[in-house]
Amino acid sequence: MDKVTTDTRGVYARNNIKLTNHHCEGCPFRSRCTKSRIGRSINYCKELDEFHKEVRKNVTSEEGKKLMFKRDNEAEGTFGDLKENMGYDRLYRRGYDNAQMEIYLVSMGHNIRKYQKLKKRIKETEENQMKQVKEMLRLFIC
Numbered sequence: 001m002d003k004v005t006t007d008t009r010g011v012y013a014r015n016n017i018k019l020t021n022h023h024c025e026g027c028p029f030r031s032r033c034t035k036s037r038i039g040r041s042i043n044y045c046k047e048l049d050e051f052h053k054e055v056r057k058n059v060t061s062e063e064g065k066k067l068m069f070k071r072d073n074e075a076e077g078t079f080g081d082l083k084e085n086m087g088y089d090r091l092y093r094r095g096y097d098n099a100q101m102e103i104y105l106v107s108m109g110h111n112i113r114k115y116q117k118l119k120k121r122i123k124e125t126e127e128n129q130m131k132q133v134k135e136m137l138r139l140f141i142c
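Sequential numbering from 1 applies to the sequence shown in our numbering.
With a cut-off of at most 27 angstroms between alpha-carbon atoms, the simulated DSS-like pairs for lysine-lysine come out as follows:
hint	residue 1	residue 2
1	K3	K53
2	K46	K57
3	K134	K119
4	K83	K117
5	K117	K70
6	K70	K57
7	K131	K114
8	K131	K117
9	K131	K120
10	K53	K18
11	K3	K35
12	K119	K131
Source of the hints: derived by calculation from the structure; they are not laboratory data.
All chains should be built: construct the whole structure from the sequences, respecting the hints.
So this is what it looks like as structure tokens:
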């Protein structure tokens, strides 16, 4: 154990432990393991590890599975659509207000796009129905 630090950013204070392996000098696998001159190092936080275990437990419960399924269908699909189909993968504005405005604009664009697709689908459905009606009339008249 090399160093113990306390991180007070965020809601909870965390004690971080930095572990460094100083025995890498003669190791034949050093080049595959690390690029560092002083050896491989690991940052470990016990509190964060406990939070991760709690989250895993919550997500694997029956209620957690239902909530994750709901989240996957409702929210994640929209963000996936923005990233994959619209090429939007990061915020380009800095500051909370500017970033919020950018999210609003992107959301408006996404909603307008969905509205246009729905309008097009309704129009195509109406056209298909009219074609069917005309075809039925043609058959009855002949």
